[in-house]
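Chemist: Based on these hints, arrange chain B on the given structure of chain A.
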Amino acid sequence: MQSKFLLHLLALLLLVSNVWSVSAQDPRADAAYKEGEATFKGQCASCHAVSKQVVGPALAGIQDRRDAAWINNWVKNSQAVVKSGDPYAVELFNKFNKSIMPAFNLSDKQIDNILTYVKVEVENPVAAAPAAAAPAEGGGVSNNMTLFLAIITFILLAVMLVLSRVTGSLNKLVKEKAGQLVPDSYSWMSILFSKKALAFLTLVAFILLGYATVEQAQSLGRQQNYAPVQPIKFSHKIHAGINKIDCQYCHSGASKGKSAVIPGPSLCMNCHKAIKEGPVYGKEEIGKIYAATGWNPDSMKYLNPPQPIEWVRIHNLPDHVYFNHSQHVKAGNVKCQTCHGEVQEMDLLKQHATLGMGWCVNCHRQTEVNFSGNNFYKDYEILHDKLKNDDISKVTVSDIGGLECQKCHY
Amino acid sequence: MKQQIWQGFEQLNNENTNKHQEFNEELPLLGDATIETSRRDFLKVLGFSVSAAAIAASCEMPVRKAIPYVFKPEEIVPGIANYYASSFINGSDYCSVLVKTREGRPIKIEGNTASGLTHGGTSARTQASIMSLYDMHRLRYPKKDGKKTTWKIIDGEIAGKLSGVSGSIALVTSSVISPSTRAAIAEFRNRYPNTRHVVYEPMSNAGMLYANEQQFGTKAIASYRFDKASIIASFGADFLGTWVSPIEFASQYAKGRKVSRENPVMSKHWQFEGTMSLTGANADKRYTILPSQEGAAVVALYNALSGSGGGLSDANAQKGIEQLAMELKANAGKSLVVAGSNDSNVQMVVNAINGMLGNYGNTLSIERTYNVGQGDDKAMTALVNDMNAGSVGAVIFYGVNPAYSYPEADKFVAGLKKVPVSISFNDREDETATNVKYLCPDNHYLESWNDAEPKSGYYSLAQPAIAPLFDTRQAQESLLTWAGNTSNFYNYIRAYWQANVFGRQNKFGSFNAFWEAALHDGIFETDNPNKTKGTMLMAGESTPVTASSDTTRQQVAAAVVETVTEEAVTPKYVTVNAANAISAIGAAGKANGMELLIYENVMMGDGSYSANPFLQESPEPISKVCWDNVLLVSPKYGKEQGWKERDIIEVKAGNYKVEVPVIFQPGQADGSCALAIGYGRTKAGAKEFNVGKNAYPFVSTNADGTFNYVRGGVSLTKVGVNYALARTQTHSTIDDERFIVGLASLDTYKKDKFAGNAYSKEWDEKREEGEYFTLYGPDIDYGPHGESYRRGHRWALSVDLNSCIGCGACVPACHIENNVPVVGQNEVVRVHEMHWMRIDRYYMGADTENPEVVFMPMMCQHCENAPCENVCPVAATNHSGEGLNQMTYNRCIGTRYCANNCPYKVRRFNWFDYHSADSFYKDTVFDNDEYAMFNDLTRMVLNPDVTVRSRGVIEKCSFCVQRIQEGKLAAKRENRQLKDGEIKTACQTACPTEAIIFGDFNNPETKVAKLHTNERNYYSLEELHVVPGVGYMTKIKNREERPGIDTPTPKEHTADAGHGAHQQPAEGHGAAADTTTVHGGSH
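Chains as they are written, first to last, in our numbering: chain A, 162 to 571; chain B, 38 to 1120.
Chain A extracted, bound-state conformation (with noise of 0.2 Å):
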């Protein structure tokens, strides 16, 4: 059994290292390539893609049409180079609708290393080979550690058993052999159902159903793990994970008042103009944004009356309770993911804490405000006081009023 698992293990370790050698010969790897990826994914993705036309040009190839200092000057100011009269660029921009391409403060060597990026993506296009066995086959090993240990216990267990029993016989014989007048034993079953161990037995049962029904009582109504399916497979992992995007960019509301709000379709237009394929379900899951603002990929144009999406909510307070996200994001500069775990590497979004009130209360006893930092607190002098004297060395939330039933419901 064990070898088999160190086989399993070898095996892993040299996918990986072969991955890892793969990707040392990469063209990839260039920092000009990583820097050009990084300029254009910010700056130039919003309106162009490499192989296809989005609202500007498809760029493969542009250095086999225009030298260097064309494309430097059209990007650091395209209508400049219009007006110029350079026939070339009137033309570009009549053919695309006159859309201004809006000018650029990138340095040349930014705009090389573009070039480098786009030259490399055309050259060497990405293969499609998905490496997605490989978690669920080290999802497997861990059950099965989980498994082997669990009867390693069970088998360790029942031997201890078995020896304590055969000692206390031998013990016995010893005994018994010296002449001694041993008790007779107490069979299992009495020493089971006597007084004391019957009293011992219920105080126990009676303590665990308890806990077991406050436990359950509490988790009455609350949703901890709660991940439902959503009616677009919008993907956290891809979103602010992989692309990094930040969080406050779709849930505007974070920073300003109670509700984080979930953005809106019109928001995701904002990329998916362009993005019009997913990495994973390809149009089908962008259509659905499309839908539901009534876009028309083809046209560019929103032609269909917009139909919401309704999407399933995951945190949910009772209704006496007031939560305000700025309070917490803006004012309490909470991390996002305290409260909702790593959403970035969540697929499929569940939700992270109990939002019970004794984990609210937790936090609220063990944050430190940011007591000097922030000009609010300047009222609160006697605790100022107590700070520059070293009374307390830090203030909680609780010491402001944290706990305070009013803080939250009303």
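If you are wondering where the hints come from, they were derived from the structure by calculation, not from laboratory data. Backbone N, C-alpha and C define an ideal beta-carbon position, used for all residues, glycine too. Mixed in with the good hints, there may be bad ones.
Stated by the list, open to error - Restricting the straight-line Cα-Cα distance to at most 20 Å, the calculated cross-link-like pairs of lysine to aspartate or glutamate (EDC-like) are:
1) Lys1047(B) - Asp540(A)
2) Lys539(A) - Asp508(B)
3) Lys491(A) - Asp264(B)
4) Lys1016(B) - Glu542(A)
5) Lys1044(B) - Asp540(A)
6) Lys213(A) - Glu438(A)
7) Lys185(B) - Asp508(B)
8) Lys496(A) - Glu1011(B)
9) Lys270(A) - Asp228(A)
10) Lys292(B) - Glu250(B)
To be verified - What follows is a set of in silico ranges between Cβ atoms, one per label pair, in the way DEER data are often shown:
11) Val100(B) - Gly455(A): 51 to 59 Å
12) Ala452(A) - Val82(B): 50 to 58 Å
13) Pro469(A) - Lys256(B): 32 to 40 Å
14) Gln527(A) - Glu1011(B): 20 to 28 Å
Modeler: What follows is chain B alone, placed relative to chain A:
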């Protein structure tokens, strides 16, 4: 001498008639049916609940949806309120407002501080108007002959019929204060030249119009400046409650009443009237005269001023008139005389008096006039006659309901039936609309574009805060459509402003910039009544009002409108001839027999607010009756007749009679009675709103053609007893033995800064010596002694009793801000009303016929030593480090111990599920859901930041904790300290007189901290040492000292009759909770 203070006759006579044993009540678990609970039943119920709990526990959580905007409007961030400047307009009621919207739906009305008229003040009607948007009984589509139709069909038919009409077309409207609407009406009249525009107001001011027309050639009401007047004399004009422009006047009036040690000057207010009005209750000197004698009293004043003989037969009133005349003469150019009478003769004499006193151009102006109160009684009477004669071919009703409010409603309806084409813009199928052919429902004002010019030069704009909820159309657009103009009303207003208003300023060069600024501020005010370029006086430089920043709700710098000059006033004497008027008044004489005064109620108005649950449930300020109108008679008359309060009286005059409950109203003139209009609707909406009896048919006509609201020869007969009256005042009586109201005369205050407040001083001294009585042990770690209360903020409120006029705007404001439910008439009768704040009305003095009145807003006092907190078995109510007495609904198990132990009686118990907050639907007290807030439409008004409470929990004033938290958070986000005045409670923003100030007590620089340390500050029931967070400023009246009414010094008090209750509370009346409660089951 002991201070006499009482709230009602039950208390004065020590009767228990209205005492309600709230704490003996069964919980209404099984409805009204009482079931004997046997052991078997108990087990059944137990079994059921266990299995129900098991089922509930095994149920899956419901799936909740979150649906974001597809295209989110740029200005909306979900969870953050937006404020839009707009104007509340309903006939002659006007208020410049900010509309608070959340996710695109209006949820609250705030006053617009940029307005030079209302200065951020509001009225109860303005506050409650939000609910009329979500009225279940609004018409949802146009109708023809009672059947649903479309606007296209309606437009096609009406345009044809109006062109071919034989006879005249009558357009009957309320006062039109919108200049663009007037232009639209003019356009309509151009298209149909046979149109006559009749302005009809059921509570008419036509007398003033006719008087000013005759004497000045201006058919309008003059503008008044109560803040500039040192002497104010009112003859039956309720200018703080209902007369002409009450919000504006309240604001002006309060300015003249803010008194301090540095500036111990205040106006002196004289009132001569027949019934106790809100204004009369605030007067320094009040005289009771018969309603029909108002004219005679005005003439007597005229004579006293002019030196000619002839006065009132009532010697006491005559003495008052003579003294008033002397003071008026001494304050020439700085005084103001007004009268409420609708008789043009009386108004002409009033004009003559103001002319003699040199007040024109100083405290009132005929150059700058009101556009409100344009009702023309003669035109309306003529129209009804013409309709009956068959000479009217078409009639259009816009915001009027004559089938209910016209004195001869039967005659009107008969005439209406003879008109071939009848059209109504009314928002519901009311009494008039059910009799017309075409119903073309108008939008609600919060769904409309509109403008207003309530007073010349004071423009304001109204913008929609929500798209129309139903298939309704603005009345102006209907008129324009029928006139052949296809412009929408927004463009129409813009065009009007470009042509007529833009030129009256020179600050903005482009119209667009001007329009944007005016729309943003909601107002445009100019001192130039002519249409030439004048000085621009506009709130253009003020901070933004409508933007979505967090500080939007904060003070907007007040627009400079008219600066009050400090220099000496030059009287401008105007000779006004009133000889004919005087002889006409003399000829009219006194009414015969019992007089009935028909008056307008501060809450209910002319009846157009009948379907508003918030207004119905807000108690009338004086009688404290809600959901009903009552006959008011003088206590003397009532006793002579052997009646008791709540007896049912038949009131009969001519052919009309009604049966109404009676109450004895102190201050009602003997020989007269009074009945409010606005009740007795038959088609207001849900049957619950058809309360009270209609008083309009008692209205008669004066010799000059105006409506006469005084009816002589009325017979009163008792026909029943014990009417179940919803009257809130005596529900929470605070014992008269205790120090409740601090009251002193101005003269005494000038001599002694602790006048009226010696108790507080005494208790302060005792406290400093450590000698005080406390119910709950020594205050070791409470109140000002506890460190935790000094750490950060400590919230406190200050109420200036001198500024509070008792108008009750704060009551619906509090309701709406805090999702406080309306419980309905039957529940108020059972003392189940839910008001978080109430205005206690106290009568002062032994004179039951004409006592002085003090209003005292009462809400949770947020005691540091709170008696409620230490009796709660589950700690559901406790104290926060910021001085708030917190109420945690989800912890409350409903023992009501706290309510029992509260000396102020401010805690309310949810006897039913008034909002359907439970999952068990319709487990409520209501027969239907028409006026409760639990259907999809009415729930839209709820404030999403405040929990909706379910049955079985206590609730009470929270100092608007949601606003405190919001304000603190805004400051934290912006990395700054809180500013004083940044956080305002809902009652504070609603108040037209700035009587309520909220702030941080721990910061000595705040207004509230300064007020709390002012020598006029005292705490209610201070001797209990509950250390309240609400301070009251003593009431100062500008009159001579009055022992028995003014608060004596404690030494006098104890020496007088040995009332030592506050010193030895364990004896006699017992502990505080006992003596101060009427609810208390422990009696």
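Chemist: The structure should be examined with respect to each hint, and the outcome stated for every one.
Modeler: Going down the list of hints, with the structure as the test:
1. Lys1047(B) - Asp540(A): holds (17 Å)
2. Lys539(A) - Asp508(B): Given that 20 Å is the threshold and the Cα spacing comes to 54 Å, the pair is violated.
3. Lys491(A) - Asp264(B): Answer violated: Lys491(A) to Asp264(B) is near 46 Å, above 20 Å.
4. Lys1016(B) - Glu542(A): Distance of about 16 Å is within 20 Å: holds.
5. Lys1044(B) - Asp540(A): Holds, at about 16 Å.
6. Lys213(A) - Glu438(A): holds (12 Å)
7. Lys185(B) - Asp508(B): Holds. Lys185(B) to Asp508(B) sits at ~11 Å (cutoff 20 Å).
8. Lys496(A) - Glu1011(B): Holds, because 19 Å separates the two Cα atoms, which is no more than 20 Å.
9. Lys270(A) - Asp228(A): holds (15 Å)
10. Lys292(B) - Glu250(B): violated (31 Å)
11. Val100(B) - Gly455(A): 51 to 59 Å: Taking Cβ atoms as reference, Val100(B) and Gly455(A) lie about 26 Å apart, which means the hint is violated.
12. Ala452(A) - Val82(B): 50 to 58 Å: holds (52 Å)
13. Pro469(A) - Lys256(B): 32 to 40 Å: violated (55 Å)
14. Gln527(A) - Glu1011(B): 20 to 28 Å: For Gln527(A) and Glu1011(B) the Cβ distance comes to about 26 Å; the hint holds.
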